[in-house]
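Participant: Chain residues, written in single-letter form:
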Amino acid sequence: MNRIEGRVKVTGLATYAAEYPAEGVTYAYPVQSRIAKGRVKRVDSGPALEMPGVLAVLSCEDPPDLAEDADPELALFQRREVAYRGQLVAAVVADTYENARAAAAALRVDYDPDDHDVRLHPEHPGLYRPEVVNPNFPSDTGHGDVEEGLAAAATTVDVTYETPVLHNNPMEPHAALALWDAEGRLLVYDTAQGSSISRDMIAKTLDLPPDRVRVVARHVGGGFGSKGTTRPQAVLAAIAARAVGRPVKIVLTRQQMFDVTGYRTPTIQRVRLGADAEGRLTALEHVAYEQSSTLVEFAEQTATPSRVMYGTPALRTAHRLVRLDVATPSWMRAPGECPGMYALESAMDELAYAAGLDPVELRVINDPETEPDSGLPFSSRNLVGCLREGAHRFGWEHRDPEPGIRREGEWLVGTGVAASTYPARRLPCKAVATVRDGDFLVQVAAADIGTGARTALTRIAAGALGVAPERVHVELGDSDLPDAPVAGGSMGTASWGSAVVRACEELRRDGKEGRADTTEEIKGDARLARHAFGAQFAEVRVSSVTGEVRVSRLLGVFAAGHIVDAKLARSQFIGGMTMGLGMALMEETLTDEEFGGFLHRDLAQYHVPACADVPDVEAVWLDEQDGELNPMGSKGIGEIGIVGTAAAIGNAVHHATGRRIRELPITPAKILLPRF
Amino acid sequence: MKPFEYARAGSPAEAVRDFAPGTMYLGGGTNLVDLMRLGVAEPERLLDVSRLPLDAIEPVGDRVRVGATVRNTDLAADPLVRSRYPMLARAVLTGASGQVRNVATVGGNLLQRTRCAYFQDVTRPCNKRRPGSGCPAIAGDHGNLAVLGTSGSCVATHPSDMAVALAALEAEVHVTGPGGDRIIPIPGLHRLPGEEPERDTVLAPGDLITAVELPPPPPGASVYRKVRERASFAFALVSIAAVLDVGSDGVVTGCRIALGGVAHAPWRAERAERAIIGGPATGEAFLQAAEAELEQAHPLPRNAFKVPLARNLIVSTLEELAS
Amino acid sequence: MEITLQVNGVSRTVDVDPRMSLLDLLRERLGLIGAKKGCDHGQCGACTVLIDGRRANSCLALAVAVDGSEVTTVEGLARGEDLHPLQAAFIEHDAFQCGYCTPGQLCSAAGMLGEPGPSAVTEDILVDPDLTPEEIRERMSGNLCRCGAYVNIVGAIGEVAR
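Protein chains in written order, with this note's numbering: chain Z, 2 to 677; chain C, 4 to 326; chain F, 1138 to 1299.
Incorrect hints may appear among the rest.
To be verified - Not everything, but these chain Z residues come out facing chain C in the computed CB check (under 8 angstroms):
#, residue
1, 377
2, 379
3, 468
4, 470
Stated by the list, open to error - If you anchor each label on the Cβ, the simulated ranges turn out as follows:
#, chain 1, residue 1, chain 2, residue 2, range
5, Z, 22, F, 1148, 31 to 37 angstroms
6, F, 1168, Z, 368, 46 to 52 angstroms
7, Z, 402, F, 1296, 37 to 43 angstroms
8, Z, 114, C, 45, 25 to 31 angstroms
9, C, 256, Z, 402, 27 to 33 angstroms
10, C, 186, Z, 23, 52 to 58 angstroms
11, Z, 126, C, 23, 56 to 62 angstroms
12, F, 1264, C, 16, 36 to 42 angstroms
In case anyone wonders, no lab produced these hints; they're calculated from the structure. Model, not experiment: these values are computed from the prediction. Think of the CB as a built atom: it goes at the ideal place given N, C-alpha and C, for glycine as much as any other residue.
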């Protein structure tokens, strides 16, 4: 169905965080560290305070009152130590945005710099095995003997792939508007993927009881993980508003977003595969090298999809992390699966070529009965169905596997395939359903960051109540509503929907009100492997003159349980695939080894796909019945679309050119020169 | 942004008269406002010249005169320009976005500044922005910077597409300024960095571009092609504006090649042109000429791909024009 | 400085700081939040409005420099309760997800439909081409959509262009 908030979005009336009117609002503008490591020696706020309109300067010279155990990325101006270039070291509050920004530019900060280290490489002496990887998986797992499996193999591949620093870059910059009332209660309009979690994090940082903080995020302009955890702007707005006694608004610049709102760690991934003469895997090893900051350990679960995908007698997955003088990486759409499946699915293509097998058939042959790492049965698994359906729709049977032989003028044409996977989980959630004016009001602190949550939950509630969707009104995006988990991990609809269904069921019994809390229900879920699967097919054209790569066709076939709403689901799938196209061909943030921090901190230098890059993207799905998931029978679909896209495109580039580019993005530079 | 005064100029003469140190002319603002927000440009006074009556495109004898405040969109949509200088229309249309082209002026397009990441970031050194502070791009990020005509002080590129076509067309820039009126040919407007990378052009303070004059189009077929990894709304990795005229005997009688994305200025490949004119219009001849041109290149590790890219582009483009 | 603009048909006279962009004027002073700030450097198109009928990045326009202009924002596209055909088509085609780029996409599309002439992908530069999907994609490339709704955006605009 059409989005419920469609009309307010197309008429410009949808209100995002920085857009709420506030009497007497003032503006904060942050100052960022110019060194990558060391100490702030002195912040001279005198001249800035003399500038027009300036109300306050915040810095470590007078540390704001925050909780001692605040998250180090949120503990603003508490310490003099600098952990990375771009870290917030001060802020100016003024009556207008122009005055705040001008004073921030003029603020003088002196440093004692130390030597920094910002380069991830696989021989880094600081590499170690983290205890767990995001969110709570073991770092290393395995069974069988990989070396033995490789030795016994008829065909092996041993390949290393690299992915760069990637940035979420939602279109709406991270923003917050903070207001304190006379009783010391704090209201923050925040760009949050979860208002409950944002309230809790802000309260914890400010050392306030959660019931004294309210977070409102009715419309969020994309997040892709970067707004899943509270970001400094929310804390800064709150402490600045406390300092000046007026509402404070802060909108990070696009450049600042690159520094303080998270990013996907660069990865170096070594994949070793062995297969017998029939193509059955004899060994699979996947080792990922990654970075985190010195402030917080964030270890992306990059090798975990190899625990799910293919059956093998010998399996080893491992993560190695190094702590550098960089900002803390965080969630970006399908953390783990997205970069990990790029490597695994590229390596599978290489294995197919080495073994003389069709890449689709190789995957079919190795489809496991149970989850390879855990041995758990799958609640449902339809990877083979996706591959078959996709191959049929894409015309795969007509494909000549020979690389580098199809030419249209200067353009070399090739096709490639890769699999997709993403976990199907849910978290405890509360919801309330009541009768209002003869219609139904459903309340849950869910977030609609563009996923269509408001619309999907309306459909789910209408279904549970047995009424038309027009009679259901869903309220979300406010921490005063019943507690709900974050819009992340493709868990939103499953988690919120479960609670909404239970609340609606209760309402039908009660006649007036239904309240639900799914904590107990979820504890009772059977131990099963729950994942969505998919297959992506790409056709590319590579210029033999310029090395330009253009994607001419992209098809995704997904098996993700019951699809709650076809229109919204298709948008989610093709949106993820479009972002995957960007990852394959253009997205990359450079790390500045000389000065620290990032280069290419804007949208002219960090290229995301433009309209002209995206000619024909198609997404379809198999009808999948799975009663082991949640009341809707749904699997999350926000992330799987980006999983596998880059591998499918890279595999197509190989088919077109005969060349394997093992470092993303696949740019003209790498096509034209083997090692640029 | 530092506070500044804003005023509108009533005429070119008034603009020049009112120009003082600290003043900058404001055209469409698509680059200057961007640079002011970054703190790269810090004018004390903006003199808005975007509404000067210099917005006509008109034939002058066998030439065409394009006023300096003509917007990029209008230049590319003009019937006279499309029919007589299709290469120029194409070059303009590959630049920026529809929104930017609607606002950006011809004069401003010529004077836009490099998009080198260090130049745009006031917290890092840059010889062009702060003379003598150093060029970290040479050891750092130079993936889309220059390979030709560079110096040890600067490896920036000029980002304009339009200027590349104008260089191939040998357009002339009409300038008025404190020193009077002048005509400056393109190429010739933009400098190579040498030891003064802070100077993009030969213009003096207070000089105001009033028009670009296009000479009669050279005989032969012409084309503009731009290479970039994003299919649109991206600066060139390398671009080419080329004109080729081949006699009935298969001998090249005219050839002009201008490259974008490779130098601090639109780069006329004069060596290649000289090698090609008078010779056969064959791929082999074009390849030799391209290689002769690119012998002068000083690629750095991360932009070395631009040398084979420029070579391929020259050969492929000329082959296409010859056929 | 005091300036006067016609904003969505209404004359607005305001005293502005010369540093203020048209975008910030609309959002922070005139209460028109439709135009969005995505990059503040003309690199994303979220701030696109029509200035004297032509689409432009309002972040790159100094408010003082557009004194005397007519400005149309997304709030001014509909006629009362009747959505502009582009707005209706965007809803029907699900041409947005988070909605943050949407006002810019709509204003850009509205401006684009009134821009004759060739584009970078037009085969014959002498001919004003039909708005094929390829033409729409090229002409709309100044408006980034990170949610990846391009396929639906092109479908929505294509329907209106016909």
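Participant: Now look at each hint and say whether the structure bears it out.
Facilitator: Hint check results:
no., hint, verdict
1, 377, "violated, 42 angstroms"
2, 379, "violated, 39 angstroms"
3, 468, "violated, 45 angstroms"
4, 470, "violated, 37 angstroms"
5, Z/22 - F/1148: 31 to 37 angstroms, "violated, 22 angstroms"
6, F/1168 - Z/368: 46 to 52 angstroms, "violated, 57 angstroms"
7, Z/402 - F/1296: 37 to 43 angstroms, "holds, 40 angstroms"
8, Z/114 - C/45: 25 to 31 angstroms, "holds, 26 angstroms"
9, C/256 - Z/402: 27 to 33 angstroms, "violated, 48 angstroms"
10, C/186 - Z/23: 52 to 58 angstroms, "holds, 56 angstroms"
11, Z/126 - C/23: 56 to 62 angstroms, "holds, 58 angstroms"
12, F/1264 - C/16: 36 to 42 angstroms, "holds, 41 angstroms"
Comparing the model with each earlier hint shows violations of hints 1, 2, 3, 4, 5, 6 and 9; every other hint is respected.
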